[in-house]
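Chemist: Protein chains in written order, with numbering that gives the first Met the number 0: chain A, 0 to 440; chain B, 0 to 440; chain C, 0 to 440; chain D, 0 to 111; chain E, 0 to 111; chain F, 0 to 111.
For the record, the hints were derived by calculation from the structure and aren't laboratory data.
Only a predicted model underlies this, so the values are computations on that prediction, with no experimental measurement involved.
Keep in mind that the hints are not guaranteed to be accurate.
[To be verified] Coverage of chain A stretches by chain C, computed from C-beta distances (three or more under 8 Å per stretch; other residues unrestricted): (1) 41-55; (2) 286-300.
[What the hints assert, rightly or not] Quick list of simulated restraints, FRET-style, between CB atoms: (3) F/Pro56 / A/Gly192: 51 to 61 Å; (4) C/Leu115 / A/Ile221: 33 to 43 Å; (5) A/Gly342 / D/Ser84: 47 to 57 Å; (6) A/Ala401 / F/Thr82: 52 to 62 Å; (7) D/Leu22 / F/Thr82: 24 to 34 Å; (8) E/Glu14 / B/Asp111: 50 to 60 Å; (9) D/Ala25 / E/Asn53: 32 to 42 Å; (10) E/Arg37 / F/Glu14: 16 to 26 Å; (11) C/Lys225 / F/Pro56: 17 to 27 Å; (12) C/Phe108 / E/Glu49: 40 to 50 Å; (13) F/Glu108 / A/Glu421: 29 to 39 Å; (14) B/Gly218 / C/Leu341: 21 to 31 Å; (15) F/Glu108 / E/Gly104: 51 to 61 Å.
Every residue, glycine too, gets a C-beta built ideally from N, C-alpha and C.
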Amino acid sequence: MKGDNMTFANKLAASAGAAGLALFAALPAWAQEAAETPTIDTGDTAWMLTSTVLVLAMILPGLALFYGGLLRTKNMLSMLTHVLAVTCVAMLVWVSWGYSIAFTEAGPFFGDLSNLFLKNVTADSISGTIPEYVFISFQMTFAAITCALVVGSLAERVKFAGLMVFAVIWLTIVYFPLAHMVWSAGGFFFEKGALDFAGGTVVHINAGVSGLVGCLILGKRIGYLKEVLAPHSLTMTFIGTGLLWVGWFGFNAGSALGAGSGAGLAMINTLTATAAAAVAWMVAEKVAGHKPSLLGGCSGVIAGLVAITPAAGFAGPFGAIVLGAVASVIAYLFVTVAKPKLGFDDTADVFGIHGVAGIVGSIGVAFTNAPGFGGPGAADYAIGAQLGTQLFATGVAVLWAAVGSGIAFTVAKLVTGLRVSEEVEREGLDLGEHGERAYNY
Amino acid sequence: MKGDNMTFANKLAASAGAAGLALFAALPAWAQEAAETPTIDTGDTAWMLTSTVLVLAMILPGLALFYGGLLRTKNMLSMLTHVLAVTCVAMLVWVSWGYSIAFTEAGPFFGDLSNLFLKNVTADSISGTIPEYVFISFQMTFAAITCALVVGSLAERVKFAGLMVFAVIWLTIVYFPLAHMVWSAGGFFFEKGALDFAGGTVVHINAGVSGLVGCLILGKRIGYLKEVLAPHSLTMTFIGTGLLWVGWFGFNAGSALGAGSGAGLAMINTLTATAAAAVAWMVAEKVAGHKPSLLGGCSGVIAGLVAITPAAGFAGPFGAIVLGAVASVIAYLFVTVAKPKLGFDDTADVFGIHGVAGIVGSIGVAFTNAPGFGGPGAADYAIGAQLGTQLFATGVAVLWAAVGSGIAFTVAKLVTGLRVSEEVEREGLDLGEHGERAYNY
Amino acid sequence: MKGDNMTFANKLAASAGAAGLALFAALPAWAQEAAETPTIDTGDTAWMLTSTVLVLAMILPGLALFYGGLLRTKNMLSMLTHVLAVTCVAMLVWVSWGYSIAFTEAGPFFGDLSNLFLKNVTADSISGTIPEYVFISFQMTFAAITCALVVGSLAERVKFAGLMVFAVIWLTIVYFPLAHMVWSAGGFFFEKGALDFAGGTVVHINAGVSGLVGCLILGKRIGYLKEVLAPHSLTMTFIGTGLLWVGWFGFNAGSALGAGSGAGLAMINTLTATAAAAVAWMVAEKVAGHKPSLLGGCSGVIAGLVAITPAAGFAGPFGAIVLGAVASVIAYLFVTVAKPKLGFDDTADVFGIHGVAGIVGSIGVAFTNAPGFGGPGAADYAIGAQLGTQLFATGVAVLWAAVGSGIAFTVAKLVTGLRVSEEVEREGLDLGEHGERAYNY
Amino acid sequence: MKLILAIIKPFKLDEVREALTGLGIAGMTVTEVKGFGRQKGQTEIYRGAEYATNMVPKVKIELVCDDALAPRVVETLQQSAGTGSIGDGKIFVLDVGQAVRIRTGETGEAAL
Amino acid sequence: MKLILAIIKPFKLDEVREALTGLGIAGMTVTEVKGFGRQKGQTEIYRGAEYATNMVPKVKIELVCDDALAPRVVETLQQSAGTGSIGDGKIFVLDVGQAVRIRTGETGEAAL
Amino acid sequence: MKLILAIIKPFKLDEVREALTGLGIAGMTVTEVKGFGRQKGQTEIYRGAEYATNMVPKVKIELVCDDALAPRVVETLQQSAGTGSIGDGKIFVLDVGQAVRIRTGETGEAAL
Ligand SMILES: Nc1ncnc2c1ncn2[C@@H]1O[C@H](COP(=O)(O)OP(=O)(O)O)[C@@H](O)[C@H]1O
Ligand SMILES: Nc1ncnc2c1ncn2[C@@H]1O[C@H](COP(=O)(O)OP(=O)(O)O)[C@@H](O)[C@H]1O
Ligand SMILES: Nc1ncnc2c1ncn2[C@@H]1O[C@H](COP(=O)(O)OP(=O)(O)O)[C@@H](O)[C@H]1O
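The following block holds chain A by itself, in its conformation from the complex (with noise of 0.2 Å):
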């Protein structure tokens, strides 16, 4: 078993060779050298353990403040608890069968169930440079958010039980057999040479259409385009914001799995494409006719931070500027022009900014990776031939998000009936579903 995580490092090595991949080719003594002896690297692993404890805060507090201030009052409750209960459903679900699912090699889609209950791992494995439970761990902040971010689709209305049927079945059916196939030796995407950084694909894409499909399962709220349905905290939404872009450098950055040049390459990028999407947003509001908003920072961030997550090893900072910048523009234009006129109720627009952004991300890394574009990658690096890998892999991530997450809503929806009733959406979830409210003052 120890075996698989090695080839897997192997595998990025190599393929990251085959590819010109200048990241790994920064590491390749690393790589080597974890084939012959395994031992563990205390810098790269002080990095993974805070690169973890970052994508947890990213949800809790960070992605529940950000998607509750979004909501009315009578709701913030309910969304914070949805994003705690769909968190710890997840790392129960992730250790008992979703690493094996996710990281064994089965075959392209899937792996097998060979590790369940993680049955062949001590204390005393190793993956790469670390120990294999820190990988573990950190892989299991990944499932946990991306479940946790299609939460932000069905506010105001899905119902708590609904969501946790939801939730074990997705897992299941999307999101492990999507991890395999980016991450995983022997994964699909991985072997096509797809590339994708830190999980766009896996992660935004996904929980983006996810979302749609569950919003128009669910249906529009009460009173949507009617009534004022104004966000009951900017400033819970701002704190959000905040800590999702001081987390997403776990998600990113620890994506290389080590404190080396690929983190510091992941670092810069995530941080020049976020403030360079961030600043787009505002400029587009004004060119818009509109005041340049809070909100429309806090969306922009989200949006580079989006875009930048594929690609964070595969471009220079100004590429990663660009990146961000374009991403958030469409988003933008997605989000204000496009979203009203299909109708569409997706409560905190998770497929219009992670799925829109995720696949502007996932398509343009095959720009900002090639060397004319100031990105990391080798001299032959052919951006036509990687485009169409990459516009094949956006598209097979669709298309499993969608069909997949059809089914999972389905299911909950014969189960539970997945959306509140109208005594309750008119009361709010909070009390309704809680019996408590977020406020007392």
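With chain A held as given, fit chains B, C, D, E and F with the ligands onto it using these hints.
Modeler: Same frame as chain A, but now just chains B, C, D, E and F with the ligands:
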């Protein structure tokens, strides 16, 4: 002086060998090396710097928000002030005489004053594989958080001045000796072979019991069990919960004192135990005929974190799940069934959660450490014997905390009165004690 | 590889003896060494990645909440927007021309434009023992936070557009040159042997003085000293304080540029100085006949952090305590006694805290570094001579900041008007400038 | 003139306002209040502590109109605010002696 | 019918409500208000800026009852809300012309 | 006695209170309300969703005084609360039948 801590590291390794604990056996190179030529490992140091920061984040803003959110608006600010002030005072006391009492090797219950004002430490001093100043800083945050935990029991009625007097006395006669017993070479529990990975006895049982004594001495709040004392902001409590979980990795994985497999084990257990405990509490609510609640989920998180604290390096991920779930359900029953019958007013349930789950964890670790339950204990690990040791250590900790805190609170009461006037209590401690409001919307 | 750091630490100590400094003397050695065999130390890199993340957390959400909580509800959102936007703009400017101006070796006051758009840096570039991209990212956050600090003085009346213009000019003519003077090889202060561990002059004195100039140019808020301008949420200010303290370890201990004894020393000092300062402020309030307050405690925390910034690696823990306490009391007196008499309206007391405590720290470091006061200075360290250097450097920084920010604000005023209309100021900048409310409860 | 004081369910406010505007009402004043009545509140539980809130959030409308219009205002209010379920609220009518528009100093019905 | 308008100390609300329920009062409406009067507020200081708040948090009760009950309501209110210390508040009584229950359309005393 | 009910712009409150104190008014009760009238609210946009709030924050003053003082109170209110721009608010005057000071049980004008 450097010797002290070298010895500390050696003893750790030694006793680990003796007791057959896999954790330290996994780090023999580290221990040996440290003994021979004390040098700094930058990876271990990076992790311990981070861990220290994480524990500080648990206190400020973490714990303060967790507790503060549970109070009424009019007392929010006083909680924030109490936590801040207690933390700062504890830090100053720690460098003045605390570190000397806790970490000099003089007797089983106390160190001595030979290292008063850190007089034997310089920037070059090394402890294990990290600078001694980092070790001192890390331990400083433990002293601070333990004292701050107690505050939760006293909330909404304790006098600021009384709390300050209490803190200084209590740290000196309760916390420092207990820290010495558990963590210092020659310490009472340490020599007995009691298992306590990250401070279950010193921190949680201690704080829980001291809080209980404190709220009994203070008496109930006006209106307790009569008026509506609903939490003014579960949003704040949620933020606190998130930050506590996030920071707890510094606490638990940091207690490995380096970035190796011990930290990895502690990390995954701190994830799985907590997730299980959160789910368990909400399931318990459901089973009891209520709605699954946010405050339930948050309480479960804390119960799980507390329970896994002594066991973080002495359990496998599934042993941790069982331990977390069991501790959570017991704490749930205590808080919702036993406490109202007993009728004491432990404002934030410091005893009900930290005390109860701490005791469950401190006893449960005897089981989770067994290889049969997936723990890292050696093949010849004897549950029965260890259980005896754990019960004994737990009992001593409970007693020491009860007697010591009784003295500390009594003195504080004599000197300051300890409790605010009825008028201040009614109007709120924010205005009455600090002349400020938490919110001026 | 690990050798590097040993050497680094040694060099630090050795050269510290020679020039009587530790930090900067260490940098030339570092430059040399880097020239010889530049390799990455994963432990140092892990810590610097973490430190960068921590400084970002100081800004978002830290500083924004700290300031925002002090304002009235109607201006909360504008503060959050200002901090976010200024941060993003500073990041883009930094990679475009800032890093080149600050860190190329051209003259004592400015670098040149030879590294525009980071054109000489690749993912493989190494700076000391860490990837250069990490160093650039770390320094990027310093530029961003310094500019964001200034915003506090201007709050509740500055125009968003004006702030953006100011930011770009001010970074270029004030911040980058000062950063060059202090941190670049060949820099003016650097060569003079001025002590500034983590940016007391560049960051705090600079921001404080610039803020003062800004609020004088802007004029007082409507109702200042007449209406109730009470903080709308000290809870938010407290959260900000906590995050600032937490993040400041990235700032101070990160300024050691590695995970060694220098970072350890900076860490413990950043704990003790701050604790002492918080206590000192509250004691000062008590002595002045008032109640010890939360905002007092928080203000003390910041004053302590600011004061220890230049001295973090040039003091012992007890020297740090004295420095923190003294700076805190002086800042207290300035803010509560001097400021009302002088009558200027520095909304969040940027000058009163960052400026004043920054000056105290910048001068005080001459004392704390002395071995007689427990500092790490060499045996032949001469307080008097160093004091002269510190006074000189402080004076130059004050002057540079005053003149430069005067120019920047004046240009911004000519271009945009700088201040919102009376109507917008009355209604609040949130609605008037951004078309949003911070809260819709 | 009459002061019409209506206590209604919060989510009905928009509908009510529109209906009243239809009548030509140009102004009203709205306050968030808590109502105690036949309608019972939700039970909240926080860590085992159970609070049966008997206060339900309501919205109070205060509206001054001339005597002639009052009956139609009351009628419109009753129709637009009603859901038929318990807790729909009340309308009270009081006499107003004088009205002044602060901006202009106009008094009486001209001030409305 | 009478509208009884009472301004009381917030912590007395529960007691008052219970006392009134004892009288057979089935409903009332409660608003959080700020009172200005003889009772002075606390002085607050924020970083040296001192604000003597002359506004004290109060709770306002609005209650409509039939004329016969009004005197006993006033008396009960006065007794249950009183602490004997300054700032206990006021009770005002106004005439109500009409009352309507929105749900049923009942009017007059039947609507209460 | 009269109940004077004034709806004014929030930032005018301090000025109004001072002016009334000058008249010898010893107490009043203040509520935060939302006003609907000729003055239109700001348009808010949140990620493309535009909300034209027709509710403007106002402050309501309730003040009971004896009949003789009422005209001067109204006048003072009108002067001190006015800015001359739209949305300055209204003053309404109602009759009060009875007033009681809870603390002492005093009634009528002595209770004010
Ligand atoms: N006598 C009363 N005086 C003032 N307000 C009342 C009175 N009775 C009821 N209310 C208000 O009307 C609301 C609705 O009354 P309730 O008895 O719950 O239902 P319904 O209006 O259907 O009879 C209450 O919440 C309260 O705010
Ligand atoms: N003339 C008044 N009109 C309206 N409300 C008043 C009046 N006088 C006092 N109040 C209200 O009654 C409250 C208590 O009044 P105060 O003068 O402080 O004490 P007391 O009721 O003991 O005389 C005030 O806070 C205010 O809300
Ligand atoms: N008929 C009315 N009844 C009750 N309150 C009213 C009425 N008309 C206006 N108001 C209140 O007065 C405020 C100001 O009215 P508005 O029409 O905007 O401007 P103006 O007072 O200048 O005519 C409104 O916001 C509302 O609170």
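Chemist: Against this structure, judge whether each hint is valid.
Modeler: Hint check results:
Proximity of the region 41-55 of chain A to chain C, defined as three or more residues with a beta carbon under 8 Å from a beta carbon of that chain, is established by the 7 residues found. Counting residues of the region 286-300 of chain A whose C-beta lies closer than 8 Å to any C-beta of chain C gives 9; at least three are required, and the coverage claim holds. Under the hint 51 to 61 Å, the C-beta atoms of F/Pro56 and A/Gly192, about 59 Å apart, fit the expected range. The hint said 33 to 43 Å for the Cβ distance between C/Leu115 and A/Ile221, and at roughly 55 Å that hint is violated.
A/Gly342 and D/Ser84 have their C-beta atoms about 30 Å apart, which leaves the hinted 47 to 57 Å range violated. As the Cβ distance of A/Ala401 to F/Thr82 is approximately 57 Å, the hint placing it in 52 to 62 Å holds. Roughly 29 Å separates the CB atoms of D/Leu22 and F/Thr82, a value that falls within the hinted 24 to 34 Å. One distance hint, 50 to 60 Å for the beta-carbon pair E/Glu14 and B/Asp111, holds here, with the actual separation near 58 Å.
Between D/Ala25 and E/Asn53 the CB atoms are about 34 Å apart, so this pair conforms to the stated range of 32 to 42 Å. With their beta carbons about 21 Å apart, E/Arg37 and F/Glu14 fall inside the hinted range of 16 to 26 Å. Separation of C/Lys225 from F/Pro56 is about 21 Å and conforms to the stated range, judged on CB atoms against 17 to 27 Å. Separation of C/Phe108 from E/Glu49 is about 45 Å and conforms to the stated range, judged on CB atoms against 40 to 50 Å.
Between F/Glu108 and A/Glu421 the beta carbons are some 52 Å apart, a value that contradicts the proposed interval 29 to 39 Å. As the Cβ distance of B/Gly218 to C/Leu341 is approximately 48 Å, the hint placing it in 21 to 31 Å is violated. A hinted range of 51 to 61 Å is violated for the C-beta pair F/Glu108 and E/Gly104, which are about 39 Å apart.
Hints 4, 5, 13, 14 and 15 from the list above are not met by this structure, while the remaining hints are.
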